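Visitor: Position chain B against the provided structure of chain A, taking the given hints into account.
Chains as they are written, first to last, in the working numbering: chain A, 1 to 79; chain B, 1 to 150.
Calculated from the structure, these hints are not laboratory results.
Since the model is a prediction, treat every value here as computed from it, not as a measurement.
A couple of the hints might just be wrong.
Subject to a maximum C-alpha distance of 20 Å in a straight line, what follows is the list of computed DMTMM-like cross-link-like pairs (lysine to aspartate or glutamate) [claimed, not checked]: (1) Lys63/B - Asp52/A; (2) Lys105/B - Asp5/A; (3) Lys121/B - Asp44/A; (4) Lys96/B - Asp44/A; (5) Lys121/B - Glu66/A; (6) Lys63/B - Asp56/A; (7) Lys96/B - Asp52/A; (8) Lys37/A - Glu65/A; (9) Lys63/B - Glu3/A; (10) Lys121/B - Glu65/A; (11) Lys63/B - Asp5/A; (12) Lys96/B - Glu42/A; (13) Lys37/A - Glu23/A; (14) Lys105/B - Glu40/B; (15) Lys105/B - Glu3/A; (16) Lys121/B - Glu42/A; (17) Lys121/B - Glu89/B.
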Amino acid sequence: MAELDMSETISAFQAQRPRLLQEHGAAWVVFISAEFKGAFREFDAAATFALDNFPDAQFLIRHTEEHVPHVPLVVVEAA
Amino acid sequence: MNTLSQAPGPLITIEGIVIDVIIHREPNATPADGVPAFLEHGAMIDTGASATCIDYRIAHALKLRQIDQRTIGTVGGPIQVAVFLGMLEIPQLGFKRLDRLFAPKIERINYSVLTGRSVLKEFVFTYDGPADVCHFARPQRPPDHDDFAS
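Only chain A is shown next, with the shape it has when bound in the complex (with noise of 0.2 Å):
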């Protein structure tokens, strides 16, 4: 299975972070390509939402402030 890529959307989510920031504060936010569609407190009603909503979309969450994830104790195969 290939796995995506989102920078399309990712772009657009970058792009309108400061704006969501401002109105909506630390938020679970959905996107659809480049369209804003919700904000939300909790993960999990961010992705029910967008399950319920939007249920044959290719859709990204991600938190306004979230930052880089750290796991440290991930091993990678070798290529």
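Guide: Relative to chain A, chain B alone:
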């Protein structure tokens, strides 16, 4: 009095640092031939991980929905991973929730999942080194942070 003894719920003790988890497909996922509804795996409890990680083969086997792609920090440097949506269940803890599942290519040892602070933030958690057991209890109030500044 320590925080564990103040927790209102029962104290749950796990031997070692690997706990059984079940990764489910998203609710109402369209059934597909050869795609199981869930997979059971051992998950290492990893306080150093900010989020839940699964071996990418789990995401592929369950045909999970990709919801993001991120660069994450590891001991070997930053790597690009896909992020999937799935239901994470930890039966021993009574935990079941939609979660973000980061899917790097984990080199398997005796676990294929890392349970990080996105789950641990919901529990008062201690590790008893001499006994090699973990204790979990539900706190009196919900977490007041998202742990995103790390």
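Visitor: For each hint, tell me whether it holds in the structure or not.
Guide: Verification of the hints:
no.	hint	result
1	Lys63/B - Asp52/A	19 Å, holds
2	Lys105/B - Asp5/A	17 Å, holds
3	Lys121/B - Asp44/A	15 Å, holds
4	Lys96/B - Asp44/A	11 Å, holds
5	Lys121/B - Glu66/A	16 Å, holds
6	Lys63/B - Asp56/A	14 Å, holds
7	Lys96/B - Asp52/A	19 Å, holds
8	Lys37/A - Glu65/A	17 Å, holds
9	Lys63/B - Glu3/A	11 Å, holds
10	Lys121/B - Glu65/A	17 Å, holds
11	Lys63/B - Asp5/A	16 Å, holds
12	Lys96/B - Glu42/A	14 Å, holds
13	Lys37/A - Glu23/A	13 Å, holds
14	Lys105/B - Glu40/B	18 Å, holds
15	Lys105/B - Glu3/A	13 Å, holds
16	Lys121/B - Glu42/A	13 Å, holds
17	Lys121/B - Glu89/B	15 Å, holds
Going down the numbered hints, you'll see the structure goes against none, and every one checks out.
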